[in-house]
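Protein chains in written order, with this note's numbering: chain A, 20 to 362; chain B, 161 to 484; chain C, -3 to 343.
Rather than coming from a laboratory, the hints here were simulated on the basis of the structure.
One thing to keep in mind: the hints can contain errors.
A short list of chain B residues far from chain A (calculated; beta carbon distances all over 10 Å) [said to hold, decoys possible]:
#, residue
1, 235
2, 349
3, 480
Interface residues of chain B toward chain C, partial, derived using beta-carbon atoms under 8 Å [stated by the list, open to error]:
#, residue
4, 193
5, 305
6, 310
7, 320
8, 324
9, 418
10, 421
11, 423
12, 458
13, 463
14, 465
15, 469
16, 470
From the three backbone atoms N, C-alpha and C, an ideal C-beta is built for every residue, glycine too.
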Amino acid sequence: MTEPLLDIRNLSVTFRTEDGLVRAVDGVSATLQQGETLGIVGESGSGKSVTMMTVMRLITDPNATFEGEVYYKGVDLLALPQDQIRSIRGAGISMIFQDPMTSLNPVYKVGWQIAEQIREHEKISKQGARARAIELLTSVGIPNAAERVDNYPHEFSGGMRQRVMIAMAISCNPDVLIADEPTTALDVTIQAQILKLIRKLKSDYGTAVVLITHDMGVVADMADRIAVMYAGRIVEQGTQRELFYDPQHPYTWGLLGSIARLDRPRPRRLAAIPGQPPSLMRLPAGCAFAERCAYRFDACETQQPQLLDRLGTGHLDACLLSEQRKHAIRTRTVEPELVEETP
Amino acid sequence: MLAVLTFIVRRSLWTVVVMFVITVVVFFIFFKTPGVDPARALAGRDPSPQVLAEVRQQLGLNRPLWIQYGIMMKKIFITRNLVSYSDQGELIIPEIFAAAPITLSLVFGASVIWVVAAIVMGVAAARLRGTIYDPVLMILALIGLSTPVFWLGQVVILITQVKLHSSIFSWVQLGYTPLTQSPVKWFEGLIFPWITLSILYIGLYARVLRANLLEVQNEDYVRTARAKGLSERRVLLRHTLRTSMITFLSLFGLDFGALVGGGAILTEVVFGIHGVGFLTWESLTNLDLPTIMAVVIYGAFFIVLANALVDVAYAWIDPRVRPT
Amino acid sequence: MAAIAEQVSTTELRPAAAGRNPWALAWRRLRSNRIALAALGLFILIVVVCLAAPLYAHDLAHIGNPLSPNLNGTTVANGKVVPIMQEGGGILHLGETPIGPTWSLGHYFLGADGLGRDVASLVLYGGRASLQIGLASAVICCVVATVFALIAGFFGGLTDTILSRIMDIVWSFPVILLAICIATVLLTQPNGVKVGFLTIYATSLWVPTFIIALIYVPYVYRPVRGQVLSVVQKEFVEASIAQGASNFRLIFSEILPNVISTVIVLLPLITATNILTESALSYLSVGVQPPNVSWGTIIADGQDLLYTRPWVSLAPGIMIVLTVLALNVLGDGVRDALDPRAKLRVK
Ligand SMILES: Nc1ncnc2c1ncn2[C@@H]1O[C@H](COP(=O)(O)OP(=O)(O)OP(=O)(O)O)[C@@H](O)[C@H]1O
Ligand SMILES: [Mg+2]
């Protein structure tokens, strides 16, 4: 294995709030190789966005504290001074966000906004940057780009705006593209188009992608490796095959839910797991998922499970159940009882 | 283009309607307040019976209401021969027009000061959030907002004309000299009135701008701007401040209009600057109601006009509300 | 381990828990806001001190009627009996100048005004008038505006259009000119104005109170109406409509409780604005009329004495600044407590 492009080591993020400390990310480690797609899945509030925003150093909340390291090409991003992180943002690592409706500045033309980023990172004339913006808009599939470049964001539909965001994100040929739920705010047909676009970019430019999503179907299509997050921690991590064919953590079983069933249409959202995730202010001493887990036993309440390579194949999970027990449960039922079909 | 035209036409029509209603409201306040005899009110302090009769006759007070209204409007806008009964029949409208440049000088200078100072203060407070400077700046702004301008004027006079007049402020000659006559005197005479008038607005605008900056700072597009690798400075100036200026400028238009339309009266009175406000005040002390009526109508017109201009300018600086 | 030391602020923490009783939460936030509490304390102190005006004037200073001229009186300064109106004095040493501050409680502490009255007593009595007008007009203004806003927001349609347009027009008047207009018309009627069975005399404190209440109605109406509209659209009101509740009950038991926090946020801010407006009108001689005094009239009278006896103006001005500042700080605190992300703003 070569040195990973992005190496997140034991990252924790804590927010001070009125009611106490919120540990939004708790000891997360993950790597991203050149050209690879890493999928991050998990329920709302599990810390996916905070993790990746921390990588970009985009969390400006003065009440946040960070621990751990994030290495990009051997440099710890968390220790970099402001002006150096800036040259990485947008050029080395770029990010697109969930809501294309609000992610573009309403008072500037889209072409200007793309050109602004190019001119920040490269020595290029205004006209040159504008021409590049038109090229980029064409390459992300915006018809009539030469005219549209002078439109304001509100003159575009949601899907089109997300294309503009993508054009902007790839404008400086980044090594890593972080896509934070890029399709959640869009309707289904547009979603497929945007995903197709991301896949094309990946194959054209060899960009590594971190794809954050709620949608197991999306990661199944797109990701090479998958990390499952729960209450600020990674509870299972492995290749796409391993996760889908040999899931080890009861939470993953829950997420997969009915996806394993071939006789039903694939649900768009994560399967609903009964119960609520624990408050990030009062995390239990043991396994954070224990409360909602149908297979918990005494140790789960007291002992915090570590994310370990229990199978010896590089497939990590954080569940205390023995391999035999997991096996027994999974042969008895493909679809764990704790999963209820979303209506 | 057509949409822009219809927008402007619609806005102008509404402006005309508001102006009409304002004249009607003012007319009713002066002529139809229950229990008030309009002749008695308009004729000045302790009028003689002859004057009362003359007023009744000149303003057609025995004739139907709408004719009274018509006569009044004609005298204010068309023939411009409305006279003041307490001031030996002085023509009012030319007097207002003579005072207007003085008020404009005062308000213009003050507005330059307050815009610059408020932007500096608001941006500084927003940037220094989390440090002690932010609350200190905001308390200062609040003190500015809580100080009556006429009293502040007195304090300024006290300092520049009494306490420190023989030392650092010996050059200060409060009062108005036309700009065309002597720019230096114009500046020297108005600098302290400008500062006095601007304090309230500095406080107000700094607070509004800070709140707006903090609000915009949480917008997704500011995060995008950061994610693009822009410098904090550029993010602040080109993205955060640029959008915050939309609110700021529309407020500015309204306040500027309100001040020119009569709101500067307190500053003018305390410094004895003979602008439109001072004229109003003189009329007040003489209970010279025709002058007040004319000033109020012209002032309100100016404000309504400023409002309309702000709306058009708003569409110009915010592409989202631009008619297409 | 590399920990990034970001600047840590102790204020403005985000609430983490939602769904608790908002009033209890607000109260807890307000209680932990020391600056707002100090402002509340200061305001209460000012009110109490002004209420105690007779105590000071009669019992301490032994002044019969603090509002009546006292040109021939004497007082004690530095242990000596001195006349209140002193020959010469001032810059030009001409005419009579009232005595300056003695800084001795009960003996023309802040000096005398042009009529030989005790400025300290005047400031206390003037404070009563200013506070009364400010508070009463703020309450009247908020009640009237809220009623209009409830009606407009609830019934919508034509009612809403008409009410809102009227408010727009009142809004587009320069506030102070509008107040001047109404005040002057009333002042020209020496025998008072009869409205129905009611006679309002020009010298009554209610004249400035009502005028000020009226001109600020649109400033409260707008935000409250917006709030009413958003509440009306929420489901629980629809649910109540489905149950056939009467309009009256709906407005008062379903909508009002949900917009009242907006009004409460506005109340101290409007009171502050109104006290400032009262002082401005009084300064221009169209507010509080003699024989009553308010902070504004004292400052107006003090203008002539500015060069010789600045404390006549300084004292009431300082009181205005303190009062209005306290109310503004309190208003900010209340707003932050009730709605930390409030978009409400009052000029
Ligand atoms: N500035 C902040 N202050 C306090 N808590 C915060 C802050 N930002 C995030 N959090 C908390 O951190 C937790 C993780 O948030 P995050 O946005 O990473 O979730 P997510 O997995 O991206 O969820 P979603 O799928 O809804 O986007 C949440 O519980 C959130 O409330
Ligand atoms: Mg998220």
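request  = List in ascending order the numbers of the hints, as given earlier, that are violated by the structure.
outcome  = Those not satisfied are hints 3, 7, 8, 12, 14, 15 and 16.
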